[in-house]
Amino acid sequence: MGSVLRLVLALGICGIAAESAGAADGRLYPSGPPNGVAYLRFANLSPAAVKVSSAAGALDLPTSDAQRVGEFDPVTPGTELTGTVAIGDRTAPIKLTLKQNEFVTVAVTAAAEGPPTVTLLREEPSDFNAQKSALALYNVDKNCAEAELLAGDRHTVVVSGVKPDATGRRLVNPVNVALSVGCGAEGGKATGVELGAMAAGDRYSVFIYAGPGSAGRQALALTDKMAPFRP
Amino acid sequence: MNGLLAGLVILVIGDSHMVTNDYLITTLHNDLVQQGATVNSYGMCGTNAGDWVYKTTVSCGEAERHGTKAPVINRQPRSPGWTMEDLIAANRPNLVVVEMGDTMAGYGQQTFAKGWVYEQVRTLTQRIAAHNLPCIWVGPPWGNEGSSYHKTFTRVKEMSDFLAQSVAPCKYIDSTQFSKPGEWPTIDGQHLTASGYRIWGKDISDSIGHMVSSGEIKK
Chain A
1 MGSVLRLVLA LGICGIAAES AGAADGRLYP SGPPNGVAYL RFANLSPAAV KVSSAAGALD
61 LPTSDAQRVG EFDPVTPGTE LTGTVAIGDR TAPIKLTLKQ NEFVTVAVTA AAEGPPTVTL
121 LREEPSDFNA QKSALALYNV DKNCAEAELL AGDRHTVVVS GVKPDATGRR LVNPVNVALS
181 VGCGAEGGKA TGVELGAMAA GDRYSVFIYA GPGSAGRQAL ALTDKMAPFR P
Chain B
1 MNGLLAGLVI LVIGDSHMVT NDYLITTLHN DLVQQGATVN SYGMCGTNAG DWVYKTTVSC
61 GEAERHGTKA PVINRQPRSP GWTMEDLIAA NRPNLVVVEM GDTMAGYGQQ TFAKGWVYEQ
121 VRTLTQRIAA HNLPCIWVGP PWGNEGSSYH KTFTRVKEMS DFLAQSVAPC KYIDSTQFSK
181 PGEWPTIDGQ HLTASGYRIW GKDISDSIGH MVSSGEIKK
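Chains A and B, in that order, give the protein sequences. Numbering follows my numbering, with no gaps: position 69 of the first sequence is 69. Numbering follows my numbering, with no gaps: position 16 of the second sequence is 16.
Source of the hints: derived by calculation from the structure; they are not laboratory data. Glycine included, every Cβ here is placed at the ideal spot set by N, Cα and C. Heads up, some of the hints might be wrong.
Derived list of chain B stretches under chain A, where covered just means 3 residues or more per stretch with a C-beta under 8 Å from a C-beta of chain A [unchecked claim]:
#1 19-28
#2 97-105
#3 113-121
Next comes chain B alone, as it looks inside the complex:
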């Protein structure tokens, strides 16, 4: 443990990348704990940013994890979702980390719905900002092309660039900077292999550590 993040109570939320063992709910969570933070993580599969503000029903799984305990994963087909408001009240974080992008990018759609994505993102960032909490938004990784998720490198880049200009006052971590397009293998075009999640989690955790040590995120 290096203690760089000691004193931080981090609330991490995300999409399907956070809902399976050995995904970010394991790797990123462990890396943040390893740096001394108190960490509470939640994942809701298939959700958009607005789903964390206006309570939703989750159809493809949700998970939560607290501190050094194991993730609790719920695969019930219709589970009640969490809201940011409830999670802030329950966990009293002093830093929020949001991992989201793939569910909103419109893979397979001809046009990129900027207005819709902006409304989704802003709904969540404004709710976090209302609590005067610093936050960090983690964008999507490249994934692989040619899958049933219809993910393309062009749209991932478009989405990541758009998130970079849309998530303020949150800081942005551009996951496409961590690898070359297609470099990290996936199991289905969108979700990484276990080794990919290890690398991605470490890269995110290191970026958060850098933001804290540089003063970009205040402890």
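Isolated chain A (complex conformation):
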């Protein structure tokens, strides 16, 4: 993403690292991220460009599928982060504090009127495995009571029962399979997603969300990216 926002967040971590190493009580060097680390990303699930702003800077999330979702940026856990998200001249505030090792996706959707809707999808994933592919289903469609991720023509259920504003996860073998999303209560109706061949060790996100007006349900799939923990 390379944004000013990321730079400032990263600098926040560096400051903590230097302080911690200096107060390390005889340790020659620290082990692990000093005081922990958390990760934050933004997802534009609206039909228009989104701008995220803070006192430190701003980042733009265009509407092309390749650029709708940013990478997970390392941030300092326990520090309140504030800013605004804007779609045109409509804005909504953001204020959140991440816990250690937490991964938070801030999903931005547009209502017909009024400010953008901000949904926080919070999780502490533990499914890191270099021999498998990690699939996550994010349900940002309030009309989908139980989202599910399906594989192949037979719609084999991979992830199921994901409530609105929640996330479901599963480790799978790295294969090239057609994926689709559906809502359990609606039976059989599925929306295809383009992900391509999965690679061992990579992590993937699938978003299910409501499109604008009569566009109906939308789905977006992508490979997760993590920004390096560097100054």
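Once you have looked at the hints, place chain B on chain A.
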């Protein structure tokens, strides 16, 4: 010399366990040479896996050793680090060995930062894989509890198990299998005594030899 590793040009990198005479830069390096390999070793104290991809400054010492020459150890407080990319270009290895774990395990921290460790490890393994080079990752030994490094057997086990599932396509050598918890004496809870490094180096070298002879690592 038994010649088992003849034909291999091995690049060994690691953390502080590789930055002092009689540590792995002496013992493991010697054992690999003894088995017929051409060996180039580099250590950067206190570094994480990502530091070998995104160039860093090393604050507590670095060392390098080539073939049968003596290690060259630099204790300058702010030394420019090496990158895997540069080391591959300079040494043209056909096998990479990574010794790392203690610097990333988060000893003394309540929670284990899986996501962060995974990103660190994957940053390095993907860079090695981009060169189509086989690699072997050596995890941390038990060490001792109750030191200023805050190392605990529970976290060492957690880290080692996590590395085992995170380092692919590298093969994994689980150093905790070589001894019982606390069996190898240390000088500070983390760094072994000279005899400990002799045993650890031999165990690693034997494991690499076994991986080669079994075909798990192709020459």
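Outcome, coverage hint (the stretch 113-121 of chain B, chain A; C-beta under 8 Å; three residues): The restraint on the stretch 113-121 of chain B holds, since 9 of its residues have a Cβ under 8 Å from chain A and three suffice.
Coverage criterion applied to the stretch 97-105 of chain B (partner chain A; beta-carbon cut 8 Å; 3 residues): holds (count 4)
Assertion that chain A covers the stretch 19-28 of chain B - criterion: three or more residues, beta-carbon distance below 8 Å: violated (count 0)
Comparing the model with each earlier hint shows a violation of hint 1 alone; every other hint is respected.
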